[in-house]
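Participant: Letter by letter, the chains look like this.
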Amino acid sequence: MINLSLLTPEIIVLITALIVLILDLLPWRGRKVLLATVGVLGTVGALLITMGQWDLREEAFYGMVAIDNFSVYFKALFLIICTLTILLSINYITRGGIDLGEYYSLVLLATFGYMFMASGTDLITIFLALEILSLAVYILAGFMRHSPKSNESAFKYFLLGAFSSAFLLYGIANIYGVVGNTNLKDIAQYLSQEAALKNPLFLAGMGLLLVGFGFKVAIVPFHMWTPDVYEGSPTTVTAFMAVGTKAASFAAFLRVFFYTLEPLKGQWVPVLWLLAAVTIIFGNTVAIYQKNIKRMLAYSAIAHAGYILVAMVAGNDLGSSSILYYLLVYSLMNLGAFGVVIIVEKKEEENLTISDYRGLAYKHPMLSAAMSLFLLSLAGIPPTGGFVGKFYIFSAAVSGGYVGLAIIGVLGSAIALYYYLRIIVYMYMYDPEKEFLDGPVPFFSAAALVITAIGTILLGITPARILELAHYSISYLGH
Amino acid sequence: MLDYIWLVPTFPLIGVTINGLLGKRLPKKLVGLVACGALGLSFLVSVIIFFTLLHLPPEQRYLEKVLYTWISSGAFRAEAGFQLDPLSAVMILVVSGVGFFIHIYSIGYMHGDKGYARYFAYLNLFAFFMLLLVLANNFLFLFVGWEGVGLCSYLLIGFWYERKSAADAGKKAFVVNRIGDFGFALGIMLIFSTFGTIDYSEVFQAAPEKFSPGALIITAITLLLFVGATGKSAQLPLYTWLPDAMEGPTPVSALIHAATMVTAGVYMVARCHVLYLLAPISLTVVATVGALTAIFSASIGLAQNDIKRILAYSTISQLGYMFLGCGVGAFSAGIFHLMTHAFFKALLFLGAGSVIHALAGEQDLRKMGGLRRNLPITFPTFLVATLAIAGLPGFSGFFSKDEILWEAFSSPHGHFIYWLIGIVTAGMTSFYMFRLVFLAFFGSSRIETDRTHHIHESPPSMTMPLIILALLSIIGGYAGVPHVLGGANRFHSFLSPVFSGHHGGGDVVDPSASTEIVIMTMSVLVAVGGFLLAHRMYIKRPEVPAILADKARWLYQLIFNKYYVDEIYDFLFVNSIKNGANRLWQLFDVRVVDGSVNGIANLAGQGSSLLSQLQSGYVKSYAASILIGAALIIGYYVLR
Chain A
1 MINLSLLTPE
11 IIVLITALIV
21 LILDLLPWRG
31 RKVLLATVGV
41 LGTVGALLIT
51 MGQWDLREEA
61 FYGMVAIDNF
71 SVYFKALFLI
81 ICTLTILLSI
91 NYITRGGIDL
101 GEYYSLVLLA
111 TFGYMFMASG
121 TDLITIFLAL
131 EILSLAVYIL
141 AGFMRHSPKS
151 NESAFKYFLL
161 GAFSSAFLLY
171 GIANIYGVVG
181 NTNLKDIAQY
191 LSQEAALKNP
201 LFLAGMGLLL
211 VGFGFKVAIV
221 PFHMWTPDVY
231 EGSPTTVTAF
241 MAVGTKAASF
251 AAFLRVFFYT
261 LEPLKGQWVP
271 VLWLLAAVTI
281 IFGNTVAIYQ
291 KNIKRMLAYS
301 AIAHAGYILV
311 AMVAGNDLGS
321 SSILYYLLVY
331 SLMNLGAFGV
341 VIIVEKKEEE
351 NLTISDYRGL
361 AYKHPMLSAA
371 MSLFLLSLAG
381 IPPTGGFVGK
391 FYIFSAAVSG
401 GYVGLAIIGV
411 LGSAIALYYY
421 LRIIVYMYMY
431 DPEKEFLDGP
441 VPFFSAAALV
451 ITAIGTILLG
461 ITPARILELA
471 HYSISYLGH
Chain B
1001 MLDYIWLVPT
1011 FPLIGVTING
1021 LLGKRLPKKL
1031 VGLVACGALG
1041 LSFLVSVIIF
1051 FTLLHLPPEQ
1061 RYLEKVLYTW
1071 ISSGAFRAEA
1081 GFQLDPLSAV
1091 MILVVSGVGF
1101 FIHIYSIGYM
1111 HGDKGYARYF
1121 AYLNLFAFFM
1131 LLLVLANNFL
1141 FLFVGWEGVG
1151 LCSYLLIGFW
1161 YERKSAADAG
1171 KKAFVVNRIG
1181 DFGFALGIML
1191 IFSTFGTIDY
1201 SEVFQAAPEK
1211 FSPGALIITA
1221 ITLLLFVGAT
1231 GKSAQLPLYT
1241 WLPDAMEGPT
1251 PVSALIHAAT
1261 MVTAGVYMVA
1271 RCHVLYLLAP
1281 ISLTVVATVG
1291 ALTAIFSASI
1301 GLAQNDIKRI
1311 LAYSTISQLG
1321 YMFLGCGVGA
1331 FSAGIFHLMT
1341 HAFFKALLFL
1351 GAGSVIHALA
1361 GEQDLRKMGG
1371 LRRNLPITFP
1381 TFLVATLAIA
1391 GLPGFSGFFS
1401 KDEILWEAFS
1411 SPHGHFIYWL
1421 IGIVTAGMTS
1431 FYMFRLVFLA
1441 FFGSSRIETD
1451 RTHHIHESPP
1461 SMTMPLIILA
1471 LLSIIGGYAG
1481 VPHVLGGANR
1491 FHSFLSPVFS
1501 GHHGGGDVVD
1511 PSASTEIVIM
1521 TMSVLVAVGG
1531 FLLAHRMYIK
1541 RPEVPAILAD
1551 KARWLYQLIF
1561 NKYYVDEIYD
1571 FLFVNSIKNG
1581 ANRLWQLFDV
1591 RVVDGSVNGI
1601 ANLAGQGSSL
1611 LSQLQSGYVK
1621 SYAASILIGA
1631 ALIIGYYVLR
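Chains as they are written, first to last, in my numbering: chain A, 1 to 479; chain B, 1001 to 1640.
Calculated directly from the structure, the hints in this document are not laboratory data. Be aware that a few hints might be false.
[Said to hold, decoys possible] Taking lysine-lysine and the DSS-like style, the derived pairs with C-alpha atoms no more than 27 Å apart in a straight line are: (1) A:Lys363 to B:Lys1029; (2) A:Lys149 to A:Lys347; (3) B:Lys1578 to A:Lys363.
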């Protein structure tokens, strides 16, 4: 069965991307805001339809795509991310002189890819989705085409991305060679035989998948592209990929490893344990040294991938729900923090070092308060969502018997406190030396900040409801 | 309608959001309108809820509304939920009602202040937390409100933070309250470890089933909770912050440091009456601390010259009465006094604020006098409040104070000594309050000449609340006319579902009605005596006080200097802790903690710079990193 109607949200996003391209041809000066409006309307419409698919549990395209709660949860998350990114971009791309229609179109196309990352139930679907989103993001990374840094970042991302895609594809080929099929259900079926669990070719395939996903979610040692790419890309794109690409890759990563490769848990848990520990220590330690705020947030994003790995290792009920919970919190607080960076940034890379933030609180108290909120949440201080997320993850690790990993995680968070608080110190404890913005805070950016801030706080004080949703999303994976 | 209880704290929260975020940009009129409107709506809902409750049969006047599960971790569950019963209904009425009038008053009082929006945002935030405190259905939620009002109190005491004394007073309030809150938090933890829950209804149901009266653990819990109450409600020995808290704007003193927040301790004890009744020792402690605080701070009030400080000591003393009431098991009498006190003490503070406003900031009684002609509205309303607090028959304070005194005398938990302390305090109260009235409003003017031209009655936004509160100070008492005077004590019977089964005071027509009449007459005589003495000393022969002060020089000095308690605390605790902390800091912090932290930080910093060098910027080394990682993983799987 093809069941095309089940893919309505995806199709809406795709058509919106095309409409934006066409509308850009209009010879009308005010069209840029119109493009953004159309983009937001499309994503919000898709979001509403996606939410209506909760508890539907259907399949489409002959079992290549699943509309289950897991994919609905993630698709809703991606659409929220897409909307917020568009809101943050409107003013930024005008300031940066890159207000071309393709920009929104590419963001929407990447989102289209994200959505299939979450719903793909065949390794081929997942690979295709990964390529769709990657191609769009490669271009976005180099969108500031007069900036050498942006070009460098796009090119590095493209080279290394292609390199890592090869690993993923090689892994898929290995698994296909053993199983004779790429459908996740069939692979799971194959793994139900005792003998299959020891097949070295299959295990090598699994290892290669790990490398491929590890690159996209940026875990050590596959992370090295992150700081350079995050620094060079337009900041709105950095925010979009730090949050969207990571969450989308985790979606596919989770579906493959938690559902299909679940019988091989004994094999991948030790590897993930080590990767989590290294990622947390490395990401947090190197972040201390960074002077550029985008690089710092890049290393912070690496460390956060490490925390999510901790929950994957724990693997129990709370652990798996907390991954979904954490990805939501992570998206909101990171988009918020990047949002402030986007607002404060000026042309020619100005205002991007951490010391540029000195005295921000005296000129823009609300902006600084919001930034502090996001940073405290990233550091995991109550009453923010970041605290609750970390609390769930580490308590899942402890109850799963991985006390050592939980200790590493908590120590890593303690180190992280230093580099997050340093920005707050600069904002509040130094006198301002300059004007930060050329005008008032742009309306749409402010709106995005308000939404992320409210979300970050709400997740901190009423976590139970979302955790329940996350639980229903992940515990019935594949059922 | 009762289901809409959540609206009550929500309105002030909306007010905080609007004024906190946009206040600076909004016109002043709108800021005031939003803040007052928010509390006015709360008050309206509270009134509707109160009457809805009245229409229900007494045993149905209870509602628990859980909004959502707030924290759930292992065996520990905390809900964000509200509990509505007659006790919380009375409390929300007092908080939102008195709060509403004080908000309106503030529009006039804070008119010229540059922190206008900030002030109203804080005030609304306070109302939000206070309503949360009295509506919580579990101890943790109560604690959230408890800490929240503490925070707002701190922010508002230090509202004029440019003034060092205000900033210091804020800090003092914060530190002293931390001591109390420490005990309070311990009490809550002990409740959880004892009962496995922090839900009011579950705890109060399990307590009498699991424990017999006098159980050690219940005594420990109640005493720890009471430590929190002594901090928040300024009782011995933690009362010292309240007089200093008068550094805040006067409406704040009226709302937070007289009518509502400081009574949170009394509310908490009444709420936990089930536990306190199981712990006779704790009851005795509560009553004794209450009685001693009452007389102690009333005596300090006798010799102060700052109009607000006298009222502050008077508040501490009246809070002592409320605890005395609770301590002798007359919880509804304590709450009754809480309510009437909220009316007349808020009125006294607002009246004092009006006087200070008229005199451009003058607070010293020695530089006032003869104001009754200049302030035609402030004076009579202030007089009404004074008559109420002095306990003259017909005014609200008479009924509530008298119920407490009668219970102190007659209750099974009471004692003759409590009554004696109470009645002496009543005499002192009457004396110092009339002294204040005579010095401020009567006699000849001692006002400094440069201030005389400024004297004027306050604007209507300030005088209207005075008039309304004056009315409440009179009629508020008629909710609880005792049986012996032919009343029905409706206040008590309204609260009886909460305190049911326990001696709440005044429920039975005492056989010894004649004794009650005698007791009552004595308090009236004492009140009149205080008035006459003050009249003689400050109106008829104004030279007497100076002679007296000279004759009993040491006593006067002792009282005038507030028994040197602040100095003693400074010597015993503040300085010694400072010194000890300093030494500890040098020994432990600098060497051990800083040493190790700096060591780790250096290590992390060095590691950071070392690891950063891996980031060469060359794509080939990045690809190599991926390749090495992949090789290790594949090698692990294949070669194992």
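Participant: For each hint given before, does the structure comply? Return the numbers of the non-compliant ones in rising order.
Facilitator: 3
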